[in-house]
Amino acid sequence: MLIYAINRILQIIPVIFILSILVFGFVHALPGDVIDTMAGVEAAEDPEVRAALEEEFGLNKPIYVQYFIWIGKAMQGDFGKSLVTRRPVNTELIERIPATMYLALVGITLSVLIAVPLGTLAAVRRNSPTDYAAQVTSLIGISIPEFWFAILCILLFSLHLAWLPSSGYVEFFDDPQRSLWYLILPALAVGFRQAAFTTRLTRSSMLDEISKEYVDTARSLGLPESKVIYKYTLRNALIPTITISGLQLANLLGGTVVLESIFAWPGIGQAIFQSIQLRDFPVIQAGVLVLGVMVVVINLLVDLLYRVLNPRVGMG
Amino acid sequence: MTDSQLQSRQRVDTVSTDDTPLAIRIRHLRTVSKNALDELLKSRTATMGAIMIILLLSVCFLTPVLATHNPTKPNYRERLAPVSAEHYFGTDKFGRDIYSRVLYGGQRTVFIAVAAVAFGLILGIPLGVFSGFFGGRFDAVSMRFVDGFIAFPGLLLYLLIITLAREWRLEGVWNDLILIFALGLNTMPEIARLTRGTALVEAKREYVEAAHVVGEGSVFIALREILPNCVSPLIVNATVRLGYIILIIAALSFLGLGTPPPTPDWGGDLSTARDHMESHPMIAIFPGLAICYSVLAFNLFGDGLRDILDPRISER
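One line per chain: the protein sequences are A and B, in this order.
As numbered in my numbering, residues 1 to 316 make up the first sequence, in order.
As numbered in my numbering, residues 317 to 632 make up the second sequence, in order.
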């Protein structure tokens with residue numbers, strides 16, 4: 001196990017390295033002069049101003065030198081300054097990541113809370129009306145565009161019924177009650193789609209488990225059905241569900257951009273999206289790299305957890 | 317397996333001596349497609365998905381005939397008109413016919429999605445087959461590269477590429493091509509991984525060894541012997557992927573990164589509809605329903621195909 005873990009950890013280093021090259025390459029292929037954006041066109045025509053700015057941000061060096069300077073500093077946790085706000089990139093990111101994490105975590109939790117009972121019920125009562133209803137709902141859930149679902153929710157709950165705020169964000173530690181109030185709709189939008197995925201997954205892995213021999217053995221020993229299902233089968237069936245939910249969490253970190261923009265949620269996705277439009281390349285590079293590293297690390301943890309939970313999987 | 321299932325699986329051709337090679341080939345093709353159709357009709361999900369897809373594609377082909385108005389021509393006298401015999405889905409804030417816009421938008425979306433998946437397959441399949449088959453250093457390097465792409469969180473890769481391309485101020489079709497390029501590029505990693513996984517298993521089979529012994533070249537073996545055996549998971553994945561890409565296209569244009577207005581576009585139209593959805597909720601309904609329908613069609617078909625092609629699940 002330990003050797004496997006070390007091996008996997010070593011494997012992510014080249015992945016992060018390649019990701020950093022991809023990000024850097026894409027960002028520097030962005031046409032449009034950063035200096036123009038920064039100093040305004042008139043000032044940018046002044047060669048002295050231009051030279052000073054190029055010097056300040058290291059833009060006068062060859063591209064590969066710029067890359068190594070950037071990655072070297074990034075490894076020490078220094079991502080430079082935002083070209084737009086002139087504040088350190090770290091501050092910008094640290095302000096934004098918690099909002100996205102908050103939304104993603106609550107959304108995923110919500111989805112698991114809905115999906116696991118629903119998926120289990122559907123599998124236990126296979127081919128019953130409950131099962132069909134669960135299957136149809138979850139199929140629609142994965143086919144509905146998240147942002148459209150969000151719009152429909154706003155239409156219904158904010159505009160029509162006026163129960164919930166249509167957008168906005170309050171930090172949890174400032175005012176937990178209002179914060180949760182603002183969180184309901186976005187979390188519902190995240191959770192609905194995830195719940196649809198997870199329901200399908202739980203149902204099919206439950207069906208897999210129920211058809212295994214140990215279930216027949218347990219039943220023939222006279223164990224009550226509820227014990228067979230909830231104590232033995234469900235526990236095994238949940239392994240893939242937990243794994244996939246973990247991977248979904250990683251995906252959501254950069255995947256909530258659209259919802260963040262609908263609900264005016266000040267998350268990291270929104271921040272990177274705005275930086276892309278403003279050509280604020282230090283923020284784009286750092287944001288994508290940090291999110292990418294988080295994705296890779298979460299994937300690694302999930303993979304290791306999966307193998308701990310399920311020792312039958314080879315360590316190859 | 318039931319008798320009828322066995323029969324349909326056993327339907328093979330018999331060759332007589334005076335057959336021309338062409339006749340044999342045609343008959344073989346006919347048998348294969350007849351068998352495939354039989355299998356397809358056995359799964360209710362797949363049949364329903366297939367019908368929905370056929371309907372969708374026919375509407376896309378017949379768009380010029382079915383549309384009642386010019387989708388881009390504003391008519392300020394009929395702004396935000398309700399649903400009527402003249403405007404089946406009403407009109408938007410510029411007085412454009414929503415029904416015609418949904419049709420034309422669908423034509424574009426489906427075309428882009430199909431082209432993007434095709435592009436992703438073209439890039440991903442060879443990469444996957446060769447890494448699975450050759451293994452070694454080529455495999456290690458290309459898979460880390462693929463992992464690097466996968467670590468790009470959520471929509472951010474699309475956002476970057478499309479913003480990048482915006483600077484060239486492309487018009488019309490070129491914009492769609494960029495979209496296809498971005499979507500296809502991000503489809504590649506998953507396809508490559510999937511193909512590699514199957515190719516890895518196939519490469520150890522006896523028939524590959526036999527091919528080596530006979531003296532067939534490695535590239536030939538990879539493409540002609542191994543690839544055909546990797547096809548079925550790829551078909552399923554590509555189908556589901558089509559639905560997913562339609563969702564992404566809609567999300568991107570919702571964020572304002574699709575084709576610029578006035579081109580009809582589902583996501584873009586939903587985004588414009590937001591300004592008036594409080595007073596005219598109906599305009600936010602139809603483009604969303606269209607997206608839902610198309611994604612659902614591909615998801616249903618994909619689900620059905622998976623049941624057919626993976627007998628382990630279907631016979632449970």
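Everything labelled a hint here was simulated from the structure, so no lab data went into it.
Be aware that a few hints might be false.
Using 20 Å as the maximum straight-line C-alpha spacing, the simulated SDA-like pairs for lysine to any residue come out as follows [as the list claims (entries may be wrong)]:
1. Lys231/A x Ser220/A
2. Lys227/A x Val215/A
3. Lys227/A x Asn251/A
4. Lys231/A x Val308/A
5. Lys389/B x Ile370/B
6. Lys409/B x Asn7/A
7. Lys358/B x Leu155/A
8. Lys227/A x Gly246/A
9. Lys212/A x Tyr230/A
10. Lys409/B x Leu152/A
11. Lys227/A x Val124/A
12. Lys358/B x Tyr132/A
13. Lys358/B x Gln135/A
14. Lys389/B x Gln423/B
15. Lys358/B x Ser548/B
Some chain A residues well away from chain B (every beta-carbon gap over 12 Å; in silico) [unchecked claim]:
16. Ile69
17. Glu146
18. Ser166
19. Arg200
20. Thr256
21. Tyr306
22. Asn310
Simulated DEER-style distance windows between Cβ atoms [said to hold, decoys possible]:
23. Asn127/A x Leu625/B: 42 to 48 Å
24. Leu539/B x Val170/A: 29 to 35 Å
25. Phe173/A x Tyr404/B: 48 to 54 Å
26. Asp131/A x Leu625/B: 47 to 53 Å
27. Glu532/B x Ile13/A: 50 to 56 Å
Model, not experiment: these values are computed from the prediction.
Where is the CB? At the ideal position from N, CA and C, for every residue including glycine.
Results of checking the hints against the structure:
1. Distance restraint check for Lys231/A and Ser220/A: the Cα-Cα separation of roughly 16 Å lies within the 20 Å cut-off, and the hinted pair is therefore satisfied.
2. For the suggested pair Lys227/A and Val215/A, the alpha carbons sit about 11 Å apart, so the restraint of at most 20 Å is met.
3. A C-alpha spacing of about 35 Å is found between Lys227/A and Asn251/A, which places the hinted pair above 20 Å, so the restraint is violated.
4. Proximity of Lys231/A to Val308/A is assessed by CA-CA distance (about 19 Å); at most 20 Å being required, the pair is judged to hold.
5. Proximity of Lys389/B to Ile370/B is assessed by CA-CA distance (about 29 Å); at most 20 Å being required, the pair is judged violated.
6. Proposed proximity of Lys409/B and Asn7/A is contradicted: the alpha carbons are some 58 Å apart, above 20 Å.
7. Simply put, Lys358/B and Leu155/A have alpha-carbon atoms about 41 Å apart, too far for the 20 Å limit, and the pair is violated.
8. Distance hint between Lys227/A and Gly246/A is unfulfilled; the C-alpha atoms sit about 27 Å from each other, more than 20 Å.
9. For the hint linking Lys212/A to Tyr230/A, the alpha-carbon distance of about 15 Å falls within 20 Å, and the restraint holds.
10. Of the supplied pair hints, the one linking Lys409/B and Leu152/A holds, its CA atoms being roughly 19 Å apart against a limit of 20 Å.
11. With a CA separation close to 13 Å, the supplied pair Lys227/A and Val124/A stays within the 20 Å bound.
12. At most 20 Å may separate the alpha-carbon atoms for a hinted pair to count; Lys358/B and Tyr132/A meet this at roughly 18 Å.
13. The straight-line distance between the Cα atoms of Lys358/B and Gln135/A is roughly 19 Å, inside the 20 Å bound, and the hint therefore holds.
14. With a C-alpha separation of about 18 Å, the suggested pair Lys389/B and Gln423/B falls inside the 20 Å cut-off, and the hint holds.
15. This hinted pair checks out: Lys358/B and Ser548/B have alpha carbons roughly 17 Å apart, not beyond 20 Å.
16. Residue-level check passed: Ile69/A sits 21 Å from the nearest beta carbon of chain B, beyond 12 Å.
17. Distance check on Glu146/A: its Cβ comes as close as 7 Å (rounded) to a Cβ of chain B, failing to clear the 12 Å threshold; non-interface status is violated.
18. The Cβ of Ser166/A sits about 10 Å from the closest Cβ of chain B, inside the 12 Å cut-off, so the non-interface label is violated.
19. Under the 12 Å C-beta cut-off, the non-interface status given to Arg200/A relative to chain B is violated; the minimum distance is some 9 Å.
20. Against chain B, the non-interface label of Thr256/A is violated: not every CB pair exceeds 12 Å, the least being about 7 Å.
21. The beta carbon of Tyr306/A is kept farther than 12 Å from every beta carbon of chain B, the shortest such distance being approximately 17 Å.
22. Residue-level check passed: Asn310/A sits 19 Å from the nearest beta carbon of chain B, beyond 12 Å.
23. One distance hint, 42 to 48 Å for the beta-carbon pair Asn127/A and Leu625/B, is violated here, with the actual separation near 22 Å.
24. Distance hint check for Leu539/B and Val170/A: the Cβ-Cβ separation is about 58 Å, which falls outside the suggested range of 29 to 35 Å.
25. A hinted range of 48 to 54 Å holds for the C-beta pair Phe173/A and Tyr404/B, which are about 51 Å apart.
26. Taken as a hint, the range 47 to 53 Å is violated for the pair Asp131/A and Leu625/B, whose Cβ atoms sit roughly 23 Å apart.
27. Checking the proposed 50 to 56 Å range against Glu532/B and Ile13/A shows it is violated: the Cβ atoms sit about 38 Å from each other.
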